[in-house]
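2 protein chains.
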Amino acid sequence: MKIHNFNAGPSILPQEVVRKSAQSVIDFNGTGLSLLEISHRSIDFLEIIEKTTCLVKKVMNLNDDYAILFLQGGATLQFSMVPYNLMDQEAAYLDTGFWAKNAIKEAKRFGKVKILFSGKDQNYTHISKNYQIPYHVDYFHCTSNNTIVGTQMKTFPQTSVPIVCDMSSDIFSRKLNFLQFSLIYASAQKNVSSAGMTIVIVRKNVLGKIEKNIPSYMDYKIHIQNKSILNTPNVFSIYTSMLTLEWIEKKGGLSILEIENKYKAKLLYDEIDQNNLFENKIHKEDRSNMNVSFFLKDKKLEKEFNKMWRKENIVGLDGHRFLGGYRASIYNALPLKSVQFLIEIMKEFEIKFSS
Amino acid sequence: MKIHNFNAGPSILPQEVVRKSAQSVIDFNGTGLSLLEISHRSIDFLEIIEKTTCLVKKVMNLNDDYAILFLQGGATLQFSMVPYNLMDQEAAYLDTGFWAKNAIKEAKRFGKVKILFSGKDQNYTHISKNYQIPYHVDYFHCTSNNTIVGTQMKTFPQTSVPIVCDMSSDIFSRKLNFLQFSLIYASAQKNVSSAGMTIVIVRKNVLGKIEKNIPSYMDYKIHIQNKSILNTPNVFSIYTSMLTLEWIEKKGGLSILEIENKYKAKLLYDEIDQNNLFENKIHKEDRSNMNVSFFLKDKKLEKEFNKMWRKENIVGLDGHRFLGGYRASIYNALPLKSVQFLIEIMKEFEIKFSS
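Chains as they are written, first to last, in our numbering: chain A, 1 to 355; chain B, 1001 to 1355.
Only chain A is shown next, with the shape it has when bound in the complex:
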């Protein structure tokens, strides 16, 4: 029985990654020990973290100006760590949805926050490109992909101000010039690994510019000095990330994944647009290639549609609890055939219920 897994996160991972990571729990590399039972300071694990670091840099085409960290606490802890480390007086934020709003809320505890754009009045269905980043702010923060509503930034502003980006739901999904960012963070449970780990990519020269009494776990500099093992990291999730990055490399890297992801998204948006029963409310140029949200024009049909997809081994299609409707999360590991299968179901539903 094959499940079509459209979960928004934790979400589908490549089959071979799942298989190998299960194997490592039983016996890690023929050591006779489970991966869960080896020391994070063992040579075996130091090799894993080193390899994962190198793969992140290689896949994203980063240079040695950047440090790669594997932390805990999710993007939510980053919402505070970023201002703890980078905010002296004021930072500029884009309010593009639920998680961006939460990032703003946390930043306000540390100083002034200038909101350059808020999509709130338009229910976050649009992301402005017309905003000016004041030259004097300490950094500019944006959320590259908004998992809940289903929008995605396709371009990033040109600015001399350091750009900080929450890429939790679209890291490793497309090729970008990652050198334009000073800090990228992403929780692992979407395109990367199991939950409970956050990748932080930071250009080292943005750190150490402000005076603040930072708790050690919140201090990027301390994590860099300790190569992510200030304390025991999430060994299992880091190992699984390494497996995913190996899978990405084998596939041909981010440019190939970008083509695949765009194609899957296009097929699904095309179906939503041409199907009489469904609609997507996002401005076309801002539609996410990772999280495709859609609604039944006639809410009364929901019960019938839910019955239909649920009996076909589709999971995770419910929209976010704050929004309702539907959301197909079509991350890297989601096969094209799952998208095609969903489209078939939508077509069948249209034939049956279109008046």
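Computed beta-carbon distance windows for the label pairs:
1. B:1177 <-> A:108: 39 to 49 Å
2. A:108 <-> B:1002: 50 to 60 Å
3. A:251 <-> B:1123: 45 to 55 Å
Which stretches of chain A does chain B cover? Using the computed rule of at least three CB atoms under 8 Å from a CB of chain B, they are:
4. 225-235
5. 310-318
No wet-lab data here; the hints were simulated from the structure. Quick caveat, the model's predicted, so the values are computed rather than measured. Don't be surprised by glycine CBs; every beta carbon is placed ideally from N, CA and C.
With the hints as your guide, set chain B onto chain A.
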């Protein structure tokens, strides 16, 4: 090939826990999905977190005054979270070793720290029982088991001041009156689960007494309101904790484990004491039942001893990198026969090298 795993953490877990958790990565409960691919807000996972919560309470005999949280960031993040939430002006700490020192360092960022006892002058080989907790401090902090040097608090002070205890390396290893503590925290990678998760047990009425602008992830009250899913928690580690707690229950609970752990420790300390070649430097009444540290009286024999145990499939016996010597971590899941095997090796070594 059976490995005798004396790792200090991450460390040995019960065989059936490892097996079941590997199985869940392949196929979780016959759902056709990996545990890594299910939503943390799915009914399946909500049941896991609820069951794990109940098991913690049951095993520790806690009542509903306590909330159980499953967080990230290790004990190291707790070193800051505790003062963030509980310190108004001043707190009292015991300096019983490396991790206690780190807890003190972080607390000092938030207010005054009164050190009631420091074992530093005696290389942390002893824990005083003769100290007075000033009635006016906000809380008293102690480390129940000092993993590196190998000491353990056998009793806790009587006081009206809230007791906060880092139990990272001996949680679930013995029966205590846990109601005497206001807050207990423990990283999971020793007696509980995979790394990357921290259990926090907090008496709810100690919270909310001070005014502080706490980052959301650092705020226990917010985690309680959100039942540990403010953001995506470490799903895999929480599930594995549930399996371990089921194993603990099946064994007969903490009183049985305490008997087993004391017995394993006694056998090993007895051997160290009677063996001409080895010594343990800890005051007898403070010896840890979890981490047994020992040294060769003649350092020149180290090479020979290392060769001997390493070829016998013993792993993790090296002392902490700051301390040298040897450390046998004999957590709940370490079988008696591994302790007996190590003792045989030590006896054999004595016969061979005793002059």
